Amino acid sequence: MSGHGEPQPMTARKSGPLRGTAAVPGDKSISHRALIFGAMAVGETKITGLLEGQDVLDTAKAMRAFGAEVTQHAPGAWSVHGVGVGGFREPADVIDCGNSGTGVRLIMGCMATTAMTATFTGDASLRKRPMGRVTDPLSLFGARAYGRQGGRLPMTVVGAANPVPVRYALPVASAQVKSAVLLAGLNAPGETVVIEREPTRDHSERMLLGFGAQLHVEKGAEGHIITLTGQPELRPQTVAVPRDPSSAAFPVCAALIVEGSDILVPGVSQNLTRNGLYITLVEMGAEIDFQNPRTEGGEPVADLRVRFSGNMQGIEVPPDRAPSMIDEYPILSVVAAFATGKTVMKGVKELRVKESDRIDAMARGLEACGVTIEEDEDTLIVHGRGPGGMPGGATAATHLDHRIAMSFLVAGMAAQQPVSVDDASPIVTSFPIFEGLMTGLGATLARG
1 MSGHGEPQPM
11 TARKSGPLRG
21 TAAVPGDKSI
31 SHRALIFGAM
41 AVGETKITGL
51 LEGQDVLDTA
61 KAMRAFGAEV
71 TQHAPGAWSV
81 HGVGVGGFRE
91 PADVIDCGNS
101 GTGVRLIMGC
111 MATTAMTATF
121 TGDASLRKRP
131 MGRVTDPLSL
141 FGARAYGRQG
151 GRLPMTVVGA
161 ANPVPVRYAL
171 PVASAQVKSA
181 VLLAGLNAPG
191 ETVVIEREPT
201 RDHSERMLLG
211 FGAQLHVEKG
221 AEGHIITLTG
231 QPELRPQTVA
241 VPRDPSSAAF
251 PVCAALIVEG
261 SDILVPGVSQ
271 NLTRNGLYIT
281 LVEMGAEIDF
291 QNPRTEGGEP
301 VADLRVRFSG
311 NMQGIEVPPD
321 RAPSMIDEYP
331 ILSVVAAFAT
341 GKTVMKGVKE
351 LRVKESDRID
361 AMARGLEACG
371 VTIEEDEDTL
381 IVHGRGPGGM
391 PGGATAATHL
401 DHRIAMSFLV
411 AGMAAQQPVS
421 VDDASPIVTS
431 FPIFEGLMTG
441 LGATLARG
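Residue numbers (full-length UniProt numbering): 1 to 448.
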């Protein structure tokens, strides 16, 4: 069973100007999906730019356990010899997904309509997260799930021997749930339909089309209606993974709040279902130039030139923007603390069921750093203290959450006094080069 080693405290101190090029890792969402769709295709899929964080490596192990041949040829360069839709074999051991909610939910989806049984677990953080939002719709296909109280891991999923197609309206805006249902629909006869009231990240739809699935998206009275024809033969692809906008958020936001900074972040995905943070930052007055826009691997990308922005103002972030930036609210709340005025983030209750309760984690940590916070179940309000105005001088609890850890370390780069985190080890799950990349730009980080 996945565990967690000794905590690794880390401290960030007020930095001089950040300068240079920040080559962030490949997109985590696309990396997971490239491995999974490659395993469900017939033949060899080649992947470049794969994120080699622990979350994605755990998904690679899972695909091997289901019978695909997954090989690393060089840093970021991988191949997957797939077994075809419905071709998974029953794994011989428990599937350990570490810290990855995306990994476990998508993998449950892709095996739920094949006659097999698989047991899933994860680390202490993942074992606290609810899985019912995925297993409930998977049961409509005929799958059965047996987990701990509250629908939590460890959990055994028994795939449907005779799956039926499903029409499912998402009760919450979740790309993970949408993708799990679409993956299950691949091995069900007929048409599986997913309806989402609010659009969420569309990497699965893009990739399904690229691998040769028959998929149609239309806008109707109910919202976005996604129709997938089941039991296709997926064709292997060459996938170039763009750089992760969620990882890019950390050097971008650090440059915005550290006086005198001027950095370049090349090749960042500009997918419209992922760029809510960047729209919000520009609305606040951030100096971000989107240079050399282009398409790579079917995804829009651009190079981001980012400069210190001392005139940022607090704003009210539209609630309907939440699906396009749900992972970025922790680092946005740090930027908001260095803006002038109040930043209001509504419609963010999904943050309470991430790797940690991210609203509570950010609120408590920012308060300890001298920032005034208001919150309710669905809202986080940060009262900005202006450039350089955060006192700092606190240690934030990360709750095994990589984004909480990185957010407070960024805060410490611009605060008056150092900011520490009690455990930086979860950062490896999504951004294994974070420490080296940030110190390379000029940040002052120290372990212990």
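It is worth saying that the hints were derived from the structure and are not from the lab. Incorrect hints may have been included.
Each computed DSS-like pair below joins lysine-lysine, with the alpha-carbon atoms no more than 27 angstroms apart [said to hold, decoys possible]: (1) K128 / K61; (2) K46 / K219; (3) K349 / K219; (4) K46 / K61; (5) K14 / K342; (6) K128 / K349; (7) K128 / K342.
For each label pair, taking beta carbons as the anchor points, the in silico distance ranges come out as [claimed, not checked]: (8) P300 / G436: 24 to 30 angstroms; (9) A221 / N292: 37 to 43 angstroms; (10) E375 / G87: 26 to 32 angstroms.
Remember, it's a predicted structure, so these values are computed and weren't measured experimentally. Beta carbons: idealized from backbone N, C-alpha and C, even for Gly.
Which hints from the list above does the structure break, by number from lowest to highest? Violated hints (numbers, rising): 2, 7 and 10; every other hint is consistent with the structure.
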